[in-house]
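Student: Those protein sequence lines, which keep their order, are chains A and B. All letters in the first sequence, in the order written, are residues 1 to 393 by the working numbering. All letters in the second sequence, in the order written, are residues 1 to 393 by the working numbering.
The hints are all genuine.
Since the list gives no way to pick one copy over another, a pair counts as held whenever it fits inside one copy or between any two copies.
Simulated pairs of lysine-lysine, PhoX-like, Cα-Cα distance not exceeding 25 Å: (1) K8 - K141; (2) K157 - K139; (3) K7 - K139; (4) K7 - K195.
To be clear, the hints were calculated from the coordinates, so they are not data collected in a lab. Given the structure is predicted, the values throughout are model-derived calculations rather than measurements.
2 protein chains.
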Amino acid sequence: MSVLVSKKFANMKPSATREILKATSDPNVIAFAGGSPAVEAFPCDAVKKVSAEILDENPVSALVYGVSEGYEPLRQTLKGWLKKRSNIGTDDDSVIITAGGTQVIDITARIMTDEGDTVICEEPSFVGSLNAFRSHGLKLKGVPIDSDGMNIEALEKTIKQNPDAKFIYTIPNFQNPGGTTLSLEKRKAMYRLAKENGLVILEDDPYGTLRVDGEDIPSIKSMDTDGIVIYAGSFSKILAPGIRVAYAVVPKAFLQAFVIGKQVSDVHTGVLNQMIIQRWYEEYDVDAHIEEIRKIYRKKLNLMCDCLDKYCPEIEYVRPQGGLFLWARLPENIDMLDYCKRLVENKVAVVPGTAFMINEDSPCHYIRLNFSTPSDENIVKGIEIMARVLKEY
Amino acid sequence: MSVLVSKKFANMKPSATREILKATSDPNVIAFAGGSPAVEAFPCDAVKKVSAEILDENPVSALVYGVSEGYEPLRQTLKGWLKKRSNIGTDDDSVIITAGGTQVIDITARIMTDEGDTVICEEPSFVGSLNAFRSHGLKLKGVPIDSDGMNIEALEKTIKQNPDAKFIYTIPNFQNPGGTTLSLEKRKAMYRLAKENGLVILEDDPYGTLRVDGEDIPSIKSMDTDGIVIYAGSFSKILAPGIRVAYAVVPKAFLQAFVIGKQVSDVHTGVLNQMIIQRWYEEYDVDAHIEEIRKIYRKKLNLMCDCLDKYCPEIEYVRPQGGLFLWARLPENIDMLDYCKRLVENKVAVVPGTAFMINEDSPCHYIRLNFSTPSDENIVKGIEIMARVLKEY
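Please work from the sequences and hints to get the whole structure.
Tutor: Rendered as structure tokens:
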């Protein structure tokens with residue numbers, strides 16, 4: 001990278017996931033590396049129908065400038081839907097529409113921190129968010145995760161050691177990449193610790209609706225009586241990612257800054273895109289659609305787990321209760337990065353676990369597997385190839 | 001604003017323009033305050049037709065994740081179109097698609113600067129860009145503009161006084177709000193100064209295609225043999241702003257950082273949105289469309305100038321050769337902010353010139369008038385009201 005770019009960008013590398021995604025545009029590669037929803041889960045007919053209606057009835061309304069907060073009918077719809085479905089949002093909260101969930105992460109970092117400040121997050125965590133934090137020149141302090149989410153003792157210690165921390169970043173449901181879900185008890189403990197230490201919680205919940213097993217656990221935002229939680233939800237996984245519509249639920253204290261953060265990022269989210277989502281709510285049963293896609297994911301998750309158990313019993317993982325990802329631990333004798341390279345040579349793409357570490361040079365024996373994007377046939381075939389390559393060692 | 005937000009955000013205010021835009025959602029207010037293209041210039045039928053085709057033929061392709069660089073066919077189309085139309089782009093340049101022009105400004109600031117660095121810009125300048133710079137904690141150094149654009153002697157002095165400056169931000173064509181166009185000689189001088197002093201130029205050109213009078217002047221980017229100019233173009237003014245598609249032409253040295261900057265901002269621009277633009281190029285004559293909208297703007301600009309000359313001869317302005325804005329100087333005896341307030345009370349909205357100053361408390365006798373959004377009837381009516389309110393002083 002040129003010496004001309006900023007100090008905070010000089011050491012940044014493109015997200016390994018997105019670089020691998022690019023490599024896997026080769027249709028002959030079995031993609032366990034992506035994070036896309038299953039294409040059979042996209043409501044294509046609905047998108048087609050509502051788009052045509054919008055552009056028939058009042059095309060100008062979909063083409064003019066919108067306000068930075070988002071399309072007002074959609075904001076109202078989401079406010080009601082989130083309250084009813086998940087008890088999220090108080091009178092002091094506002095729903096702000098963003099262009100994808102990453103933008104909520106980016107805006108929060110921008111408005112809450114100055115260069116050199118610290119963010120506390122799970123380790124491993126979503127590389128896209130880690131890179132957003134890095135791009136603002138922030139220090140990352142990772143807290144290890146147990147099978148029921150962030151280790152709270154370690155969190156407490158990390159908070160004590162980093163008085164310059166501004167917020168805790170967490171993916172409580174079906175964590176990316178860990179697949180773990182933060183227990184109710186730990187959610188309460190995290191909220192209490194944040195409150196006691198003057199920290200904000202950034203609750204990133206793109207997968208919460210994609211539970212395939214067990215009972216929903218209340219979001220941290222639903223406990224937020226103090227206005228210290230910014231909640232991020234998205235339509236990337238329940239409608240489609242290419243439409244780039246997501247939202248933040250923002251407490252009053254941060255609202256003005258958040259709206260300015262959106263304004264300086266991209267003025268407002270595409271109006272047609274927002275109107276498509278709004279009409280989808282008006283004309284279709286979104287909750288019923290979510291139930292349908294849960295069935296697709298349940299089947300795919302079970303298939304991948306069954307194949308791993310059958311063909312790769314030496315690979316360990318904790319079966320997630322939802323989401324899109326499996327976090328799989330290779331046997332000790334395997335060089336993880338070498339294994340990933342050999343898989344690509346054999347036309348299977350997975351994400352090396354190091355991509356999700358705060359320091360990518362840390363030793364890591366994990367890989368992330370996505371079960372939502374590949375076809376059932378390719379899930380079987382891909383895991384068979386993984387088994388065959390394992391035996392080469 | 002809460003003490004919880006970052007130092008760099010603690011003093012930020014929402015853009016006056018967008019706040020006024022919100023106020024003027026009242027349909028009874030004559031909006032001279034916006035920056036929207038004329039709604040009669042939107043190619044609504046084309047958008048409707050190509051959207052239907054995309055969602056008929058291959059809806060999944062419009063709904064899946066895209067790559068951060070942008071939709072490849074559109075990147076190729078723009079590369080060819082920019083070369084042919086404006087001689088922009090060398091083999092070392094890449095076209096990157098963004099969600100609106102502001103995002104080019106924001107990403108450039110993010111990748112080129114660290115908190116506390118300096119950006120040199122015209123004063124007055126587009127408040128949205130100034131706020132994007134402020135949101136990264138940057139210092140702004142303004143250079144006054146003459147009737148032929150940035151004063152070059154002042155620029156040279158500002159560069160000397162600010163060795164920590166990272167780039168020069170300029171709107172060379174029909175500057176917002178000044179309406180001025182940077183002369184060819186000054187473009188060459190600015191390029192030479194940037195090169196000699198190791199500075200990058202961020203050339204923001206959303207209005208360049210909207211010339212209604214005189215001859216096109218080569219862009220600074222077309223002279224960029226050294227790879228030091230990032231060029232920003234947009235479809236907000238030639239197709240429609242609500243679609244949020246713009247682009248940057250980025251030299252090789254900044255490409256990787258720019259793509260990462262896009263990735264951490266919002267992963268990628270909406271795929272359907274990009275495909276609509278691409279199909280528009282494939283099925284329609286974009287250059288012919290631009291000729292048509294130039295006619296609309298020529299008529300509106302002339303109408304507004306004629307009305308000002310007739311009803312408000314005491315208001316001074318330099319007639320712009322294109323763009324969307326008039327920068328009008330009130331008589332000395334008028335309190336500018338008080339006049340703007342009285343206009344709103346009389347159902348006419350204009351933007352106070354202070355909104356475009358680096359320090360909003362600087363004395364300023366100007367207002368910005370937009371002639372593209374209001375109907376012809378409202379242009380006449382609005383200027384009549386402006387004349388009437390002037391006479392109250």
